[in-house]
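Enquirer: Here's the letter readout for the chains.
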Amino acid sequence: MNPWTNRHLFALAVVAYGLATIYSVFLWRRGFRRHDWANYALLAAGFVAHTWALLERGLSLQHCPVRNLYEATAFVGWSLMVAYLVLGLWPRMRFVGVAVAPLQLALGVFALMPALDVPTGPVLQANRVMESMHAVLALLAYGAFGLGAAAAGLYLLQAHDLKVHKLRAVLALLPSIERLEWVARRLVQVGWGLLTVALLLGSQLTPPEGARLAGDAKVVWSVVLWAGYAGLLVWHWRGLSSRRFAWGVVGVFGFVLLTFWGTNLLSPLHHP
Amino acid sequence: MGILVIGLNHRTAPVVVRERLAFAEARVPAALQTLRETGVADEAVILSTCNRVEIYVASRLPPELAFGDLEEFLHRCHDYHDPLTDHLYRYTEPQSVEHLFRVACGLDSMVLGETEILGQLKQAYELARQRGFTGPRLNRAFQRAFHVAKQVRTRTQIQRGSTSVAAVAVELAERLFSSLRDRTVLVIGAGDTSEKVARALVSRGVTRVWVTNRTLERAEALAGALGGRAIRFEEWSEAFPQVDIVISSTSSPTYLLDRPRLERWMRQRPRRPLLLVDIAVPRDIDPAVNELDDVYLYNVDDLQGIADDYLRQRQAEVARCEAIIREKVRALLDPPPHPAAPGDPAPSHAR
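Protein chains in written order, with the working numbering: chain A, 1 to 272; chain B, 1001 to 1351.
To be clear, the hints were calculated from the coordinates, so they are not data collected in a lab.
Be careful, since some hints might not be right.
Claimed, not checked - Straight-line Cα separation of at most 30 Å, DSSO-like style, residue types lysine-lysine; simulated pairs:
| hint | chain 1 | residue 1 | chain 2 | residue 2 |
| --- | --- | --- | --- | --- |
| 1 | B | K1196 | A | K166 |
| 2 | B | K1196 | B | K1122 |
| 3 | B | K1122 | B | K1150 |
| 4 | B | K1328 | B | K1122 |
| 5 | A | K166 | B | K1150 |
| 6 | B | K1196 | B | K1150 |
| 7 | B | K1328 | B | K1150 |
| 8 | B | K1196 | A | K163 |
Turn these sequences into a full structure, and let the hints steer you where they fit.
Expert: As structure tokens, then:
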């Protein structure tokens, strides 16, 4: 019998993210003056264990593992990691990892709480593929929003240092603030696009007996989120300053982190 | 046969002496030939820059004799009759090798940690080597010096950062903008420092430079030198929304740019960062503009403060660099014995 369950593997990933978080603090204290290939490597190692955990879970369930809060949280973290590992191929962009690591650690620790990993009911055969696509796209969107928030957070840190003339702003090996703003904006745009498709797919799903789409807590929450990001993007296009846009991106994702799980629990569609 | 060095630099000799003893590049081969023919040096390299003139030789002569002949050579070569004793430094091994390594690493330069000297040293060495004026001793020493310079650069912070106001301004611009290539720089007031800053930006890729000055002719002259265009002083505010970097250095007694004015202009260029470099005293730009989103204002004290911080950082690295240099000098002049290969005869003391 294999002693390594998918939860053990996921826990291993969270340990790697924890080590990356500690190293991120070290990089931050040193003013981002050292190249952080080590941080990238730690996060990549965590990603390998993370992917293995999700694969193992999905194969054992015979469907995409996105149906309870543990699975959904793990998947959001995984999609965030995919986006970061691609972005981190550009050397200066690797520093976004100092914001990604603590976020991954927080998501991972939350996901591992025992009460989140509850068995879910069977999926209607007709809905299975579309439901999986809906969930995957939505969670990928949250991953993009999360990485956008990480880039926006780094933008705010660097922009503040430049404003108050800190030497760290010049010494740091961070990307330019223009580049960080561009990355944050593109990730939010991609995330919003994915969320749009996810919501459209979701609107086509047949709800289970006794449940309704209209008025469902999670559906309302998702539409509010979709509108929030849309408003932020339009406002920024119409002239909202980069600093306020960055705060908006961080703030809205903070809203996601604080309310996603509670809203899920209130939703009969997502928590039967 | 030891390595000797004789020379003078910005610390030991004023520029009026240095310029008399400088070697033009075209004259170096003949000078090296003279050194060989007079028997002073079996191998020689001459390094001549604006801040130093040094002769590195490998000589069979006793050092006292060699230094005397080299000093005489400098007098004769440049027809210089004033005493040089107080200006010249003379090193024998291991100080001569240590000095070479220090020069290569920029530790002996006017600007601590500057990198230009390494290129100049490489050039001087190549010139001598290609004409056959170097040999095994100088070849090893110089090649090791280049290696040490690279190690010091990667293992310490001695060459990090900018120590001039112009270079700091460019670094700041690179922290704001992902590329300087498509940026527009507006120079208000055609002064020396603003010209240096503009030149530094142009050297890093800026292609659009607009210059304005109360005297149009001065603006045109500076614009021509920078490859940009001049704007009448009365018209620069209309062009402002297209500008990304402003370098201001006028003698205006009042602010040219204040917060209300800049707020209106920033609405015409939404989401784009703006770097303002105010080199003027009294200042041209109201400090309150720094509170505006996407506006980053640096005055001359801010830039000099950053440059000074960099210099302090470099100075803090000197001890580490010197430790690396001492280790490398020891390795070069007193290498550890090679382990015996199989089949070699056993050392005599072992029999």
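Enquirer: With reference to the structure, classify each hint as holding or not holding.
Expert: Hint check:
This hinted pair checks out: K1196/B and K166/A have alpha carbons roughly 23 Å apart, not beyond 30 Å. Only pairs whose Cα atoms come within 30 Å are accepted, and K1196/B paired with K1122/B is accepted, the gap being roughly 27 Å. Taking the CA atoms of K1122/B and K1150/B, the gap is about 13 Å. The hint holds against a cut of 30 Å. Distance check on the hinted pair: K1328/B and K1122/B sit about 19 Å apart at the alpha-carbon level, within 30 Å; holds.
With a CA separation close to 29 Å, the supplied pair K166/A and K1150/B stays within the 30 Å bound. Distance check on the hinted pair: K1196/B and K1150/B sit about 29 Å apart at the alpha-carbon level, within 30 Å; holds. Between K1328/B and K1150/B, the direct Cα distance comes to roughly 12 Å. Compliance with the 30 Å bound is thereby established for this hinted pair. Pair hint K1196/B plus K163/A holds up; C-alpha atoms about 23 Å apart against a cutoff of 30 Å.
Violated hints for the displayed structure: none, as all numbered hints are satisfied.
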